[in-house]
Amino acid sequence: GAGVSQSPSNKVTEKGKDVELRCDPISGHTALYWYRQSLGQGLEFLIYFQGNSAPDKSGLPSDRFSAERTGGSVSTLTIQRTQQEDSAVYLCASSSGGGNTEAFFGQGTRLTVV
Amino acid sequence: GNSVTQMEGPVTLSEEAFLTINCTYTATGYPSLFWYVQYPGEGLQLLLKATKADDKGSNKGFEATYRKETTSFHLEKGSVQVSDSAVYFCALSDYGSSNTGKLIFGQGTTLQVKP
Numbered sequence: 001g002a003g004v005s006q007s008p009s010n011k012v013t014e015k016g017k018d019v020e021l022r023c024d025p026i027s028g029h030t031a032l033y034w035y036r037q038s039l040g041q042g043l044e045f046l047i048y049f050q051g052n053s054a055p056d057k058s059g060l061p062s063d064r065f066s067a068e069r070t071g072g073s074v075s076t077l078t079i080q081r082t083q084q085e086d087s088a089v090y091l092c093a094s095s096s097g098g099g100n101t102e103a104f105f106g107q108g109t110r111l112t113v114v
Numbered sequence: 001g002n003s004v005t006q007m008e009g010p011v012t013l014s015e016e017a018f019l020t021i022n023c024t025y026t027a028t029g030y031p032s033l034f035w036y037v038q039y040p041g042e043g044l045q046l047l048l049k050a051t052k053a054d055d056k057g058s059n060k061g062f063e064a065t066y067r068k069e070t071t072s073f074h075l076e077k078g079s080v081q082v083s084d085s086a087v088y089f090c091a092l093s094d095y096g097s098s099n100t101g102k103l104i105f106g107q108g109t110t111l112q113v114k115p
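Same order as they appear, the protein sequences are chains A and B. Here the first sequence stands for residues 1 to 114, where the numbers follow our numbering. Here the second sequence stands for residues 1 to 115, where the numbers follow our numbering.
What the hints contain is simulated information worked out from the structure, not anything from laboratory work. Here the structure is a predicted model, which is why all the values come from computation and not from measurement. A virtual CB, placed ideally from N, CA and C, is assigned to each residue, including glycine. Please note that a few of the clues may not be correct.
[To be verified] Negatives, chain A to chain B, calculated, CB over 12 Å: (1) Thr13; (2) Ser27; (3) Asp56.
[To be verified] These stretches of chain A come out as covered by chain B in the derived footprint (C-beta under 8 Å, 3 or more residues): (4) 67–73; (5) 105–111.
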């Protein structure tokens, strides 16, 4: 597609349930990032993929959070046993790689845990 | 670790006023610096960037200069428009060290421009 696509755009889930958030990066972009945007914490880095591997997972807040990327393309962020503090907008970005290149962001998934 | 500090908002200006949004950073190595903008209802998009000391990034009338001596990257615009109303994020990337390209963001500054 023309841009980074994320789905769903909105997700309401009950506390304790698992959720999966999907990201389709720009075709050909080897680098993919997940960020979280919340009122109290601003924009936080979660995880970085280069191809299908994740050399930097340092931002994942707990072991309830995991992510994978397949075929060097689509990525899924999974949150297990959701808690209310997980409520936030989850943003995905992709780039052609390296710290000097522009990252293109998706519209995000707004997750609300009730 | 690396960090970015932005001036707190919201910033409210009249149309055609001069804008400055302050941004300072702490980093090891030689990061690249960015300003991203989030217009209402839209995703984050790159506004401008600078990759080395004394570089000036510019776009849509906005400018920012990479100042290594003051570790700053302040955003300026000479004459703001109502359409500039948005949230502005200063960010750095780890280019030159681990080079993952991950971004460290400031807290964001909301700008509201009134006609």
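Hint check results:
With a least beta-carbon separation of about 22 Å from chain B, Thr13 (chain A) lies farther than 12 Å from that chain, consistent with its non-interface assignment. Remark: the non-interface label on Ser27 (chain A) is consistent with the geometry, its nearest Cβ contact in chain B lying 18 Å away (cut-off 12 Å). At roughly 5 Å, the least C-beta separation between Asp56 (chain A) and chain B is not larger than 12 Å, which violates its mark as non-interface. Here's how the region 67–73 of chain A fares: 0 of its residues keep a CB closer than 8 Å to some CB of chain B, so the rule of at least three is not met and the hint is violated.
By the rule of at least three residues with a Cβ nearer than 8 Å to a Cβ of chain B, the coverage given for the region 105–111 of chain A holds, with 4 such residues.
Of the hints listed earlier, those the structure fails to meet are numbers 3 and 4, in rising order.
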